[in-house]
Amino acid sequence: MTTTATAVPAASKGVQRSGRRPGRSHEGASRPGFAWAAPAAVFFGLFAIVPLILVVVLSFATWDGLSDPEFTGLDNWKKLFDDPIMIKSLWLSLLLTFLGVAVQTPLSILLGVWAAGHQRNRAVLSAIYFIPLLLSAAAVSVLWRAVLDPNFGVPAHAKWLFGDGNLFGNQSTAIGVLIFVSTWQFTPLHTLIYQGAARSVPRVLYQAAEIDGAGRYRQFFHITLPQLRNSVVTSMILMVVGGLTTFDTVLILTQGGPGTDTTISAYYMYQKAFKTFDYGTASAIGVMLVLVATVISLVMVRLTGYDKMNSTMEGM
Amino acid sequence: MSRRRPNILAGFGSTVWLLVVGLPLYVMLVATFQSRADYGSNGPFALPKHFTLDNYVNDFNSGFGQYFLNTVIVTLSVVAIVVLLVAPLSYAIVRSRSRVTGMVFRLFLLGLAIPSQAVIVPMFFAMSEAGLYDNLVGIILPTAAFAMPVCALILTGVMRDITPELYEAMTMDGATHRRVFFQLVLPLSKSGISTIVVFSALQAWNGFLFPLVLTQSASSKVITMGLYDFQTEHGVDMPGMLAAVVLSMLPILLVYLFARRALVQGLMGVGGK
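Chains A and B are the protein sequences, given in the same order. As numbered in the working numbering, residues 1 to 316 make up the first sequence, in order. As numbered in the working numbering, residues 1 to 273 make up the second sequence, in order.
No lab work stands behind these hints, which were simulated from the structure alone. Treat the hints with care, as some may be off.
Claimed, not checked - One side only, chain B facing chain A, incomplete, derived with CB under 8 angstroms:
id: 1; residue: Leu107
id: 2; residue: Phe146
id: 3; residue: Pro251
id: 4; residue: Leu254
id: 5; residue: Phe258
From the three backbone atoms N, C-alpha and C, an ideal C-beta is built for every residue, glycine too.
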């Protein structure tokens with residue numbers, strides 16, 4: 001989902017805008033008070049914000065879940081950065097995220113721009129393309145686990161393509177499977193983002209280019225792509241946050257294996273908490289994931305100047 | 001636009017993607033209609049020789065009926081909570097001038113960035129302390145909370161499009177906030193409401209992490225947990241397992257057929273705004 005980084009500037013502006021609606025004539029309409037927002041605020045605070053604060057507090061404590069938590073300052077954090085599996089898991093998370101972005105971005109831009117056309121066959125195909133997005137990560141992972149099973153699945157019957165390969169048996173193919181499956185699952189969402197954005201590119205630009213004799217590919221690179229730049233940032237931030245927090249897919253497809261070769265941080269956190277009952281360290285990993293995701297998103301927003309381009313967001 | 005040559009490259013690419021999306025779904029469907037032995041010997045691509053529905057029947061008899069019911073309960077409850085809380089929230093965000101409301105909105109935007117995994121440890125203890133561990137209520141509450149930010153974003157977007165003149169006209173007639181909300185805002189936000197219904201239902205139906213950490217016994221399992229158990233316990237029964245996958249997605253596919261427009265537009269809004 002979108003992060004604060006992108007959402008806050010655009011949306012807080014919206015709040016102000018509705019607050020300073022021009023013209024005295026509307027002053028007459030009375031306005032609902034905070035009471036209308038209170039139930040939602042309390043509920044959300046209780047089940048999302050308070051746990052988030054607690055997890056930060058817990059990251060400075062040692063806790064096995066049975067005895068009382070004991071505050072040990074930065075111990076968990078020091079332990080984490082001395083833990084080779086932790087360091088490896090962080091690199092794996094970043095690698096998976098990076099590869100995911102690198103594969104999904106061009107693919108979903110092409111599919112999205114293609115699907116933005118109004119022909120009937122495109123509408124039908126887009127409807128089919130969308131299906132993976134409806135499935136739970138559990139269903140997607142179980143499905144692919146079955147399809148890629150070395151004994152009963154496709155690899156056993158297409159040896160020309162897979163060799164005798166147990167795709168889950170070595171690191172590079174296991175990572176390949178994870179990238180492929182998340183691409184299968186999430187490309188529809190990003191296609192949808194680009195499809196919407198491509199549809200809102202002003203037609204005049206293409207008409208002008210056509211008069212200048214620009215072909216299809218020049219139009220794509222000189223008009224469509226530049227016009228999509230905001231969507232690229234939105235979509236990439238979604239991919240980064242989604243990639244760093246991938247969990248269910250890893251749990252079902254590889255269980256972090258072979259060995260710890262696909263043990264990404266989110267999965268390692270789950271193991272720390274619910275397998276070795278080291279809740280303090282698990283909390284620290286949780287906090288770290290949120291921090292990394294936020295920092296990457298903020299950097300992307302700054303580097304691309306996205307926060308200064310609100311005007312081009314109209315019509316999306 | 002002028003006449004164009006057909007774009008062969010794009011046509012080819014989109015066909016390839018159709019295969020990538022469609023083939024596994026085909027393999028899945030075909031597998032579920034044959035026995036384990038047939039699936040093993042025919043391979044994943046062949047059509048079933050002896051058509052059977054046993055896989056579905058077996059799944060249903062081995063607990064999936066209960067999981068199904070639990071998932072329906074969770075989904076309906078989450079949708080109810082989200083709609084009841086987010087609709088007045090969005091009305092307040094769009095119309096209120098109170099600074100507190102503005103802060104609340106910023107809080108929800110912050111919530112967009114919180115991955116549910118980050119809070120899973122405190123959630124586990126809070127629910128245990130509250131006696132809600134292994135109880136459907138324990139899944140419903142956090143699932144609803146984490147669906148709310150996106151839904152608030154969608155619904156405020158829709159409610160902003162209601163023109164101020166309409167509010168003014170109603171106020172002149174002496175309408176209370178409650179009447180404005182029920183007779184003006186809600187009817188005009190129907191599209192947004194249906195989007196958040198579909199969106200939160202999808203979140204609840206497909207939820208994995210909260211059920212994984214917060215439930216245990218068969219009587220409180222949801223479908224995604226059923227799938228996970230199947231995978232870990234009878235992973236070699238491919239047709240049975242895939243039938244369970246099909247069962248898990250049937251209701252969603254039905255909803256998709258009827259509410260495609262709302263769902264797609266809602267998700268486009270999430271990405272674009």
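Status of each hint after checking the structure:
1. Leu107: 7 angstroms, holds
2. Phe146: 6 angstroms, holds
3. Pro251: Because about 10 angstroms separates proline 251 (chain B) from the closest Cβ in chain A, which is outside the 8 angstroms limit, the hint is violated.
4. Leu254: 11 angstroms, violated
5. Phe258: For phenylalanine 258 (chain B), the interface hint is violated, since the closest Cβ of chain A sits about 13 angstroms away, which is over 8 angstroms.
The structure does not agree with the numbered hints 3, 4, 5 stated previously, though it agrees with the rest.
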